[in-house]
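Enquirer: The listed protein sequences derive, respectively, from chains H and Z. Sequential numbering from 1 applies to the first sequence in my numbering. Sequential numbering from 1 applies to the second sequence in my numbering.
If you are wondering where the hints come from, they were derived from the structure by calculation, not from laboratory data. All C-beta atoms, glycine included, are put in the ideal place defined by N, C-alpha and C. Just so you know, not all the hints are guaranteed correct.
What the hints assert, rightly or not - Computed beta-carbon distance windows for the label pairs:
1) Z:I7 - H:D84: 25 to 33 Å
2) Z:G33 - H:N2: 26 to 34 Å
3) Z:E16 - H:T11: 32 to 40 Å
4) Z:E59 - H:K40: 29 to 37 Å
5) Z:D5 - H:K13: 47 to 55 Å
6) H:D84 - Z:N30: 16 to 24 Å
7) H:E76 - Z:M1: 52 to 60 Å
8) H:V98 - Z:G27: 31 to 39 Å
9) Z:E62 - H:V98: 31 to 39 Å
10) Z:S35 - H:T4: 26 to 34 Å
11) H:G42 - Z:R31: 46 to 54 Å
As the list claims (entries may be wrong) - A short, non-exhaustive set of chain Z residues, derived as facing chain H with CB atoms under 10 Å:
12) L23
13) K43
14) E48
15) T51
16) A121
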Amino acid sequence: MNLTVDVQEHTGKSIVLLAGEIDAYTAPKLKETLLSLTSKEGNKVEVNLEQVNYMDSTGLGVFVSGLKSTKENNSELKLVQLQDRVYRLFEITGLIDVIDVDKTVRGGY
Amino acid sequence: MESFDFIEIKVPAKPEYVGVIRLTASGVANRMGFSYEDIEDLKVAISEAVTNTVNHAYEKDEDGEVTIGFGVYENRLEVMVADHGGSFNLDQVKRNIGPYEAAEPIEQLREGGFGLFLIDALMDKVEINSDSGVIVLMTKYLHENEVGLDDDQISTTQ
Chain H
1 MNLTVDVQEH TGKSIVLLAG EIDAYTAPKL KETLLSLTSK EGNKVEVNLE
51 QVNYMDSTGL GVFVSGLKST KENNSELKLV QLQDRVYRLF EITGLIDVID
101 VDKTVRGGY
Chain Z
1 MESFDFIEIK VPAKPEYVGV IRLTASGVAN RMGFSYEDIE DLKVAISEAV
51 TNTVNHAYEK DEDGEVTIGF GVYENRLEVM VADHGGSFNL DQVKRNIGPY
101 EAAEPIEQLR EGGFGLFLID ALMDKVEINS DSGVIVLMTK YLHENEVGLD
151 DDQISTTQ
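The shape of chain H in the complex, shown without the other chains (with noise of 0.2 Å):
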């Protein structure tokens, strides 16, 4: 019941890796390392959900959080490599079509 936000730095890029579950408890870290990156001028986020497991409505709040804060900075944002479950909620909410969401997942099932 937790949520690791580890972060790979690189030119003009960022790539948030999660693993564990997003809920209310481990939606705040998440928040605030999303907007730390999102804020930097012109800078692309890219966030691998290939590991949660879990997430709810908060972690939802989080990426909205995020794309609003990609508006005001010109930067991106895209969620890639979802688990099934995560991204049927991104399905059911109409997220979808707001959010640059990839389920993709590396070398397929």
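Position chain Z relative to chain H; hints supplied.
Expert: Relative to chain H, chain Z alone:
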């Protein structure tokens, strides 16, 4: 009167306990024979309801408690989440509860944005009572019939 088992848990209204409730819900649903998919739906829906309560307590700067009740029936799981420390009077809760109406006085639940929307989408039935505090009653049915039908279809095509 339909017989059922009832499990009640009370935790502090703090974010670190949302996961504890989620694990408990998963255990109860697993014991009842829910599918993996349904258990995941239940975990999200119950977490949403508990998170709403936790956020509400936080905004009011209260050291509140959340009470969660699991009604384990033959064909369904009923989950109650209440933002007060008192125990449930099951009959009273059921009498006072009505169907969820999107535009009704549940403003504090809406604060989470997608929380209530997800509960509604993931559970079979959702009812809310906001007379004294907020109580969410949500139901998920065991869909054993569907499995039976699938089995039949497989056997006829062989």
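Enquirer: Each of the hints needs a verdict: does it hold here or not?
Expert: Hints and how they fare:
Taking the beta carbon of each, I7 of chain Z and D84 of chain H are about 29 Å apart, inside 25 to 33 Å as hinted. G33 of chain Z and N2 of chain H have their C-beta atoms about 29 Å apart, which keeps the hinted 26 to 34 Å range intact. One distance hint, 32 to 40 Å for the beta-carbon pair E16 of chain Z and T11 of chain H, holds here, with the actual separation near 38 Å. Distance hint for E59 of chain Z and K40 of chain H: a CB-CB separation of about 31 Å, consistent with the stated range 29 to 37 Å.
Under the hint 47 to 55 Å, the C-beta atoms of D5 of chain Z and K13 of chain H, about 53 Å apart, fit the expected range. Distance hint for D84 of chain H and N30 of chain Z: a CB-CB separation of about 19 Å, consistent with the stated range 16 to 24 Å. As the Cβ distance of E76 of chain H to M1 of chain Z is approximately 59 Å, the hint placing it in 52 to 60 Å holds. Roughly 35 Å separates the CB atoms of V98 of chain H and G27 of chain Z, a value that falls within the hinted 31 to 39 Å.
Distance hint for E62 of chain Z and V98 of chain H: a CB-CB separation of about 34 Å, consistent with the stated range 31 to 39 Å. The hinted range of 26 to 34 Å is satisfied by S35 of chain Z and T4 of chain H, whose Cβ atoms lie roughly 29 Å apart. For G42 of chain H and R31 of chain Z, the Cβ-Cβ distance of about 52 Å falls inside the hinted range of 46 to 54 Å, so the restraint holds. For L23 of chain Z, the interface hint holds, the least distance from its beta-carbon to any beta-carbon of chain H being 7 Å, beneath 10 Å.
Given the 10 Å rule on beta carbons, the hint for K43 of chain Z holds: about 7 Å separates it from the nearest Cβ of chain H. Of the supplied interface hints, the one on E48 of chain Z holds, with its beta-carbon coming within about 6 Å of a beta-carbon of chain H, less than 10 Å. At a threshold of 10 Å, the smallest CB-CB gap from T51 of chain Z to chain H is about 4 Å, leaving the interface hint in force. At its closest, the beta carbon of A121 of chain Z sits 5 Å from a beta carbon of chain H; the interface hint therefore holds under the 10 Å criterion.
The structure is consistent with each of the numbered hints, conforming to all of them.
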